[in-house]
Amino acid sequence: MGVRLVLLLVAFACGAASSAWSDELTEMQATFPVTVGGNTFRLEGLIIRKTDAQGRLPIALLTNGGAATATGGVNATAAAYAHYARDLARRGWLAVVTMRRGFGQSEGPKPAPITCQAASLDAWAGAAADDLQATIDTIAKRPDADASKVIVIGSEIAGVAAVALSARNPPGLVSVVSVSGGLQSESNCPINDLLVEGYKSFGAKSRVPNLWIYSSSDRLFGPDLAERLHTAFLDAGGDVKFVMFFHDGNVGTAVFGQATEVWYVQMDGFLRAHNLPTWRTTDVWSVIDRLKITDRMERQNFAGSMIQHYFAAPGEKAIAISPTVQAAWTRPQDKLGDGPPLPLNYQTGSRSLDDARNGALAACQKAAQDCAIVMENFHWVGDTR
Amino acid sequence: MTNQPAFHRTATLGATIAGAIVALVISLSALLPAMAGDLIQERQYLRVKIGGKDVRLEALFVKRADARGRLPIAFFNHGRPAVRAMAVDQSLFDDPGINLIADIARRGWLVVAINRRGYGLSDGPVQSDSPCAADTFMSWMNADADDIEPPSEPSRDAPTPIRQG
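Protein sequences appear in the order of chains L and E. Heads up: the first sequence begins at 1 in the numbering used here, then just goes up one per residue. Heads up: the second sequence begins at 1 in the numbering used here, then just goes up one per residue.
If you are wondering where the hints come from, they were derived from the structure by calculation, not from laboratory data. Beta carbons are placed, not taken as given, at the ideal position from N, Cα and C, and that holds for glycine. Wrong hints could be hidden among the right ones.
As the list claims (entries may be wrong) - Pair by pair, the computed Cβ-Cβ distance ranges are:
| hint | chain 1 | residue 1 | chain 2 | residue 2 | range |
| --- | --- | --- | --- | --- | --- |
| 1 | L | 247 | E | 67 | 41 to 51 Å |
| 2 | L | 146 | E | 94 | 21 to 31 Å |
| 3 | L | 169 | E | 65 | 28 to 38 Å |
| 4 | L | 328 | E | 49 | 47 to 57 Å |
| 5 | L | 189 | E | 68 | 32 to 42 Å |
Bound-form chain L, shown alone (with noise of 0.2 Å):
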């Protein structure tokens, strides 16, 4: 069925980290020692969380990716990520960003160039395994930090990183989400072989759900390579949700950044099919009970467009109504027909509440004076009748 809601979406904006980012979330700095070999480097990190949450919160871990090769991504700061992991902390995680040796502020070197040689690789995917595992002990001993529910998820080289942690079965580690997981050889010799043989050794020991993004005309990580490195995984025993976006999300090697509330759509329906947080299906109707719909399609609708493009939605997140026009607004019972469009405007992807709580606002009051908002992010502040 169609979806006739009128939406105000603006594009989602990723710039300059603000302290006064939300007032529901505190972030902060931090770093974590890693151990190798005798040498302890500390990595640059961040970890947000819900300022308000008690107890002990499920870490989920987001790593540099973003890079097809072990040296790319040169520029890549943890703040870059803060924008992911203000999402996962929203849906009620301890986000922690961290940067592996050798990018942003993390002491160490930087990983040598893969060559095409599987000692090569299996040299950088156990370094890269070293660094996620090392901030998964470091984070874990924090008293906010409940390290039995650790997810962790990453881009192109960082969902390799997140697939060969998932091959070492940490004690808590539930679930890795690899979007668009690939790698290239910086010599640009044919790595794709050796790669799929590194799934097949992951997969014979990885015991951890996984959950693998691809998007088909993905042109570094498509869906030929995809295909072998599932092959490879299953066939060795391991267990991956496969999922290759062909219509929604089919924006090829960027759906990370590019297509994320797609991908986030599938991430937290895997997130609620393991019991792990996020936000509940029934939250959406709540939200359609309190706006008082109570048509059957348009409730159905509703919940499509909710669910697709303002509870998946990256960002911070902002719905207005207004009462006037709402009470004015009728539908037929029942019916497709089209039909004058529905008195509720939303805007996700800002930077700030303020720009979402502003945009929407905005976009409401071009049809009504009475505007005000009823949601900021995933709390009803409406009306409580």
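Once you have looked at the hints, place chain E on chain L.
Using the frame of chain L, we list chain E on its own:
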């Protein structure tokens, strides 16, 4: 979602008896008693080939606890949720159609219910889009048929258990 009659009505599993398949090679090990005591059920992944590609589908097997030997198969194929974005939340285990599954299992069948691509923990995404466009309708139906066909055939590969976080 559980308080949404509209969603449940359309998501209810519809019974499709695929017919008795004589050669049942799927081994049912480590069955978990979770339904009524006279039935046993097991959640497993089925690995199938669709268009030459590996696809893993989530499946639920139910049979009588006192069943012995090879059973004929009743294959359950779910409907579409009213809210497409809720496909990933479709649960074979919590679906109200579970009662129909139990009814058929008690009649001596091995009941197999699967989530098609994009539903529940099966690989994804959903293979079909706008249901109202005539030109997409057949490819939509064919994609569904692709999902149903391999699991209803005797499987070469043993299903693997589903691990939950």
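A quick look at each hint next to the structure:
Take residue 247 of chain L and residue 67 of chain E: their Cβ atoms lie about 42 Å apart, and the range 41 to 51 Å holds. Residue 146 of chain L and residue 94 of chain E have their C-beta atoms about 26 Å apart, which keeps the hinted 21 to 31 Å range intact. Look at residue 169 of chain L against residue 65 of chain E: about 33 Å separates their beta carbons, and that is inside 28 to 38 Å. Checked against the hint of 47 to 57 Å, the C-beta distance between residue 328 of chain L and residue 49 of chain E comes to roughly 55 Å, which is consistent with it.
At about 57 Å, the CB distance of residue 189 of chain L to residue 68 of chain E disagrees with the hint of 32 to 42 Å.
In summary, the structure is inconsistent with hint 5 from the numbered list given earlier, while agreeing with all the others.
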